[in-house]
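Chemist: Read off the chains here:
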Amino acid sequence: MEEFTVPIGPQHPALKEPISLRMTFDGEVVKHVDVRLGYNHRGMEKMAEERSYIQNLYLTERICGICSHSHTTCFAQGVEKLMEIEPPKRGLYIRTLVAEIERVHSHLLWLGVAGHEAGFDTFFMYTWRDREIVMDILESISGNRVHYAINTFGGVRRDISETQKQTILDSLSLLKQRTDYYANIGTTEPTFVARIKGVGKLSKELALSLCAVGPTVRASGIKSDVRKDDPYAVYNELPFEVCTADTGDVLGRVVVRVNELFECYKMIEFMLKNLPAGDIAVKAPRRVKENEVVSRYEAPRGENLHYIKSNGTDKPERLKVRAPTLANYPATVEMLKGCFIADIPLIFAAIDPCICCAERMVELVNDKNGEANIVSFSDLKKLASEQYKKCGNKPEPVSIAKQLEKIRRKS
Amino acid sequence: MKIQILAFLPELLKHLFRKTATVDYPFQKLVAPEGFRGTPVLYPEKCIVCKACVRDCPAEAIEIVPVSETEKKFKMTIHNDRCVHCAQCVDSCPTDAMGMNKEFELAAFDRHNLKIDYVYVKSTPVPRTPIATNTPKTEN
Amino acid sequence: MDILKTLLYLFVYPGLLFLLIYSTFCEWFDRKLYARFQNRMGPLHTGQSGILQPIADIIKLLFKEDIVPEKADKSIFSALPVFGLAIVCTAALYLPVWHYSTKVSFNSFPGDLIVVAFLLSLPTLIFFLAGWHSTNFFATIGAVRVLTMLFGYEVPLLLALLSPAILADSWRLSEIAAFYQANPFLLLANILGFCIAVITLQAKLERVPFDIPHAETEIVGGVFTEYSGKKLAFFRLLSDIEMVVGAGLIATVFMAGFPGGLWWGLLNFVIKTMIVIFLLSAMRAACSRIRIDQMVSFSWRYLAPLAVLQIFIIIILKGFLR
Numbered sequence: 001m002e003e004f005t006v007p008i009g010p011q012h013p014a015l016k017e018p019i020s021l022r023m024t025f026d027g028e029v030v031k032h033v034d035v036r037l038g039y040n041h042r043g044m045e046k047m048a049e050e051r052s053y054i055q056n057l058y059l060t061e062r063i064c065g066i067c068s069h070s071h072t073t074c075f076a077q078g079v080e081k082l083m084e085i086e087p088p089k090r091g092l093y094i095r096t097l098v099a100e101i102e103r104v105h106s107h108l109l110w111l112g113v114a115g116h117e118a119g120f121d122t123f124f125m126y127t128w129r130d131r132e133i134v135m136d137i138l139e140s141i142s143g144n145r146v147h148y149a150i151n152t153f154g155g156v157r158r159d160i161s162e163t164q165k166q167t168i169l170d171s172l173s174l175l176k177q178r179t180d181y182y183a184n185i186g187t188t189e190p191t192f193v194a195r196i197k198g199v200g201k202l203s204k205e206l207a208l209s210l211c212a213v214g215p216t217v218r219a220s221g222i223k224s225d226v227r228k229d230d231p232y233a234v235y236n237e238l239p240f241e242v243c244t245a246d247t248g249d250v251l252g253r254v255v256v257r258v259n260e261l262f263e264c265y266k267m268i269e270f271m272l273k274n275l276p277a278g279d280i281a282v283k284a285p286r287r288v289k290e291n292e293v294v295s296r297y298e299a300p301r302g303e304n305l306h307y308i309k310s311n312g313t314d315k316p317e318r319l320k321v322r323a324p325t326l327a328n329y330p331a332t333v334e335m336l337k338g339c340f341i342a343d344i345p346l347i348f349a350a351i352d353p354c355i356c357c358a359e360r361m362v363e364l365v366n367d368k369n370g371e372a373n374i375v376s377f378s379d380l381k382k383l384a385s386e387q388y389k390k391c392g393n394k395p396e397p398v399s400i401a402k403q404l405e406k407i408r409r410k411s
Numbered sequence: 001m002k003i004q005i006l007a008f009l010p011e012l013l014k015h016l017f018r019k020t021a022t023v024d025y026p027f028q029k030l031v032a033p034e035g036f037r038g039t040p041v042l043y044p045e046k047c048i049v050c051k052a053c054v055r056d057c058p059a060e061a062i063e064i065v066p067v068s069e070t071e072k073k074f075k076m077t078i079h080n081d082r083c084v085h086c087a088q089c090v091d092s093c094p095t096d097a098m099g100m101n102k103e104f105e106l107a108a109f110d111r112h113n114l115k116i117d118y119v120y121v122k123s124t125p126v127p128r129t130p131i132a133t134n135t136p137k138t139e140n
Numbered sequence: 001m002d003i004l005k006t007l008l009y010l011f012v013y014p015g016l017l018f019l020l021i022y023s024t025f026c027e028w029f030d031r032k033l034y035a036r037f038q039n040r041m042g043p044l045h046t047g048q049s050g051i052l053q054p055i056a057d058i059i060k061l062l063f064k065e066d067i068v069p070e071k072a073d074k075s076i077f078s079a080l081p082v083f084g085l086a087i088v089c090t091a092a093l094y095l096p097v098w099h100y101s102t103k104v105s106f107n108s109f110p111g112d113l114i115v116v117a118f119l120l121s122l123p124t125l126i127f128f129l130a131g132w133h134s135t136n137f138f139a140t141i142g143a144v145r146v147l148t149m150l151f152g153y154e155v156p157l158l159l160a161l162l163s164p165a166i167l168a169d170s171w172r173l174s175e176i177a178a179f180y181q182a183n184p185f186l187l188l189a190n191i192l193g194f195c196i197a198v199i200t201l202q203a204k205l206e207r208v209p210f211d212i213p214h215a216e217t218e219i220v221g222g223v224f225t226e227y228s229g230k231k232l233a234f235f236r237l238l239s240d241i242e243m244v245v246g247a248g249l250i251a252t253v254f255m256a257g258f259p260g261g262l263w264w265g266l267l268n269f270v271i272k273t274m275i276v277i278f279l280l281s282a283m284r285a286a287c288s289r290i291r292i293d294q295m296v297s298f299s300w301r302y303l304a305p306l307a308v309l310q311i312f313i314i315i316i317l318k319g320f321l322r
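These protein sequences, in sequence, are chains A, B and C. Those letters in the first sequence? Residues 1 to 411, by this note's numbering. Those letters in the second sequence? Residues 1 to 140, by this note's numbering. Those letters in the third sequence? Residues 1 to 322, by this note's numbering.
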């Protein structure tokens, strides 16, 4: 069979979010990969410039559904630095506690997704069933399963009672037992191991030079973790190790994530047992004087980066978000080269991609002359309705550039 | 690394006659826990129309318009189709006039059906009663 | 009278009507088991604990819009599902479920074991052609995978089916079944062959861990990517009936067939096929999908040599029995 190029995505069952991977295959082997981004633009950064800080807190929470706490904490930490306030110890402990519980939920979810991508649906069902325990904990602490909204500037919004503490500790023992079981299954089940062992290799040097983050880089044997390298919140007081694996394949990423789960349990237990007394929050001002800050946070998927610039009003001048998935794209392209078609979903899922977190803007590029067009929404609408009218039910390939030209000439 | 053929099988057989983890949802419902953030509700008798909730709502889901200036009558509209259930209005309210109930099944055929209107007379400001939780307030 | 009986045989039992009903029941059984293995509920609301769900699914599919790709060969594209269904239904007639005469007839003759095995490998060809004629990239990849897998599992399956036939000294299904009904202990000699046959049947049915040709997360719908509506319903039905026939074939050869006339034979058939389907479901729940290269090397490295070993065991055993 000769080489041929196929777009995997933007609609494909393996990709739950829109991204296009232009793959060149030689039979079942991938020869060349081209990642096309820009199918999902939500205008969040622009939106943030028009909202007050307290409103933006909930906006940043909605950058991602899985690591919603990560983005708010990252944002809140930055804004607290700008406001020059220091949250009380108890507030920071609760904030970190939610962060670690969120990491548990994210990693369990990822384990299930990895199982599903490998066709191991039973594993997927079981891990997601046990993830419900974590979701229930989060719901009882914060009042919602997905968007916890526990952060506020200067601390957290809800306290943890003694009974809640006890229920969390009780469910932790069950979770530990189940995680132990999954760690065993994930590394001994022959069909599953056959699918993930030696797949998607990323060497230590490559991982470093391509600036991979999170479990992806840790699975290549590099101890890179913001919680250790640049401790924020109360991580300098917590007992934990940075988990690494030296295999650099998908199996290594499974091992890293499972080991991180155990570290999370250790931290959660420590935090609950050593929860300091006192206030959970301090008052925060509404206006922030002119300054700028970069805030780092270790989300379950990797390093999260927020850049905030304030201008003396109650609204930020600029908010820039770099989600961990964006940092992992170059490494993914490298990992995908030379793999089988069957490995594509596994390798891509192994970075735990959250595409709509990473997407920032859309730009139409003419693939013939490389000319870029920024299309306004009304133009896009006109274009769509015109094309629809033209071809009725039968979609025909129509050159977008030609259509745009036409619209321009008309108007 | 050791390999174990059919490692999952014992667990599967164990679960064959066990109670299912899922529930038959529309017929059997789980109860939301204490402190669940459901739908926002207004207790009109406490509202002093300071519009702190309108200002802080991240989804711009709360709207207060005067109905009659002479009677100090106001209309608050909560747009549940826009609401993101963050409960910031509850935190922002200086008189505890906003609250969250446990309602979470909000699906409707028309988004306008989700609007809730409250027409009420503005109450005079009373000093806030100290409550047990030390929820932080953002000041102006 | 014979004509009436033949018509009854062809259209009611164990022909078309019985097959349709029983295969949907088997799909429900498989789905329910799979769900219970995963601690879920499975089909629930159509009929008593969802027993009519597969039928409802098929009826729903029948009413859906039926799209044929513009560049596909329309006649072949539309004919393939019907051909496939006809082939597996024909294969079902050779199972010795209800033989109203012991004479050699159209549905029982020396060598019908090979005929059934042949008819059961034809759907694979149908799948290949369906994928190839869809002119879709994913379907083409699926079609190539179907054929590649065929070379993996077909030989071990045939070898595994041969060993009980060698011991029974017959190529006729009803005679093989009768032989083991007379000597039930000899069934134990075929256990290895039984395991191989169940594994290869799973591969033939393209279910996890061998659902490589239509691996959802890799190549969308595989060979069925472009199929919709009625044609997809036919393919669904084809897979269900293929499962029943495959399970029936294994039950005939390795589990001493279905003795006891019409009613006891029916009961035997249901119980024995359900045991095989239980094993298939358990395997589906306990494994993850493997890669195509792993599948082929697995069947040639382990399954085929083991099947040959089974035949050796049988030949030696036969020497002792003489």
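Hints are computed from structural coordinates only; laboratory data are not their basis. Please note: incorrect hints may appear among the correct ones.
Calculated pairs, DSSO-like style, for lysine-lysine (alpha carbon to alpha carbon, straight line, at most 30 Å) [stated by the list, open to error]:
1. K390/A to K74/C
2. K29/B to K283/A
3. K176/A to K14/B
4. K51/B to K165/A
5. K29/B to K272/C
6. K29/B to K60/C
7. K122/B to K81/A
8. K389/A to K64/C
9. K122/B to K102/B
10. K16/A to K230/C
11. K71/C to K16/A
12. K32/C to K368/A
Chemist: All hints, please: hold or fail.
Modeler: How the hints compare with the structure:
| no. | hint | verdict |
| --- | --- | --- |
| 1 | K390/A to K74/C | holds, 26 Å |
| 2 | K29/B to K283/A | violated, 39 Å |
| 3 | K176/A to K14/B | holds, 19 Å |
| 4 | K51/B to K165/A | violated, 36 Å |
| 5 | K29/B to K272/C | violated, 39 Å |
| 6 | K29/B to K60/C | holds, 29 Å |
| 7 | K122/B to K81/A | violated, 39 Å |
| 8 | K389/A to K64/C | holds, 25 Å |
| 9 | K122/B to K102/B | holds, 26 Å |
| 10 | K16/A to K230/C | holds, 28 Å |
| 11 | K71/C to K16/A | holds, 29 Å |
| 12 | K32/C to K368/A | violated, 54 Å |
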